[in-house]
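Note that the sequence shown ends on residue 1076 in our numbering; no numbers are left out.
Just to be clear, a hint being listed does not mean it is correct.
To be verified - Within a straight-line C-alpha distance of at most 25 Å, the following computed BS3-like cross-link-like pairs (lysine-lysine) qualify:
{"#": "1", "residue 1": "Lys782", "residue 2": "Lys856"}
{"#": "2", "residue 1": "Lys805", "residue 2": "Lys759"}
{"#": "3", "residue 1": "Lys840", "residue 2": "Lys782"}
{"#": "4", "residue 1": "Lys759", "residue 2": "Lys782"}
{"#": "5", "residue 1": "Lys759", "residue 2": "Lys1030"}
{"#": "6", "residue 1": "Lys759", "residue 2": "Lys924"}
{"#": "7", "residue 1": "Lys991", "residue 2": "Lys1063"}
Hints in this document: simulated from the structure, not taken from any laboratory. All values derive from a computational prediction rather than experimental measurement.
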Amino acid sequence: MSIKTRDIKLLWGRAGARCAFPGCGIKLSETTSESKSDVVIGEQAHIVAKEEDGLRGNSPLPPEERDSYCNLILLCPTHHTVIDKDVGTYTADMLHFLKSKHELWVEENLSSREDLHEMARELVYADLVDAAVEGCDLENWEVWSSYASGSWPAWEDDARSRARRFCDKTFRAVWPGTMNELERALNTLSHVMMDAVSVFWEHSEVNPKRKDRYNRLPIPFHESPYPRDDYDEAAKEFLAWLDDCHLMTFELAKAANWFADVVRRDVNPLFFITKGRFALVRGPFSDMSIRQEMWDYTEEERMGMPYKPPDRLERKPFDEE
756 MSIKTRDIKL LWGRAGARCA FPGCGIKLSE TTSESKSDVV IGEQAHIVAK EEDGLRGNSP
816 LPPEERDSYC NLILLCPTHH TVIDKDVGTY TADMLHFLKS KHELWVEENL SSREDLHEMA
876 RELVYADLVD AAVEGCDLEN WEVWSSYASG SWPAWEDDAR SRARRFCDKT FRAVWPGTMN
936 ELERALNTLS HVMMDAVSVF WEHSEVNPKR KDRYNRLPIP FHESPYPRDD YDEAAKEFLA
996 WLDDCHLMTF ELAKAANWFA DVVRRDVNPL FFITKGRFAL VRGPFSDMSI RQEMWDYTEE
1056 ERMGMPYKPP DRLERKPFDE E
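Starting from the given sequences, assemble the full structure and let the hints guide the process.
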């Protein structure tokens, strides 16, 4: 589990993007005049370690809360080192006290009404970014996308419910309207994800013989134990459906890469920075090769809404799907 975008925004916003160590208060991000981009030196330090055997890790705090805002303190690299070298002085209780004291100082001395409105807008976007990560299972992209784009596709049965939650969230969102491209990228990703599962679910079912989590497999509806006059036509239709399934995974990779590029530029420069971009690993092909492919919308396509649903899908209001 990684730190959610919403928790990062809360931490940086309430800390005023300054080190929370007493007497420091150094600004932890600056915009360079040369590149016009932010240089970030702040570190999101854990108060209670993520692991039980880590610094201050012996705590009843459950694992799922250790990456949350309540267990993080914003520090410069120097003072992050200081608190980790002297855990006897800088206990979890002491760090919570220092964090609260610093945030109160920020609220009294640095925050304005406009700052609060800006933070609210950022939290809306951050919450939607987190919904996209969960709804498209981006943390496990490399694994599940290779199954979905394989010659005989396979999906996790929970994928549809995750996609519906994400699509529902974007459909009902009160968009701030200050990050136009991010809004377009989020809407595109939610529509593509929902359509991808809808196309696959059309002719697939859970196979109880499959023991791993990717147990939803195609139904070869053209096959029959008895001769059928329309076999050739049915086989052609089945292959066309398989092609559409694969085309939707290509579209999904394009949408995911666009979304991530915009998030890194406008929201969080560290978003999936270590895992990198969303590639597809496909195969085996007829020559038994495995290929890695990168899919992207063009710059011109990113100027608008690039996704066009396949002909087999009749767009319905979300609540009717």
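Hints and how they fare:
Between Lys782 and Lys856 the alpha-carbon distance is near 17 Å, which keeps this suggested pair within the 25 Å criterion. Using a Cα cut-off of 25 Å, the hinted pair Lys805 and Lys759 holds, with the two alpha carbons roughly 14 Å apart. For the given pair, Lys840 sits about 23 Å from Lys782 by alpha-carbon distance, which is consistent with the 25 Å threshold. In summary, the hint linking Lys759 to Lys782 is supported, as the alpha carbons are separated by about 22 Å, within the 25 Å threshold.
A distance of roughly 15 Å separates the Cα atoms of Lys759 and Lys1030; the hinted pair therefore holds under the 25 Å criterion. A distance of roughly 16 Å separates the Cα atoms of Lys759 and Lys924; the hinted pair therefore holds under the 25 Å criterion. For a cut-off of 25 Å, the pair hint linking Lys991 to Lys1063 stands: about 23 Å separates their Cα positions.
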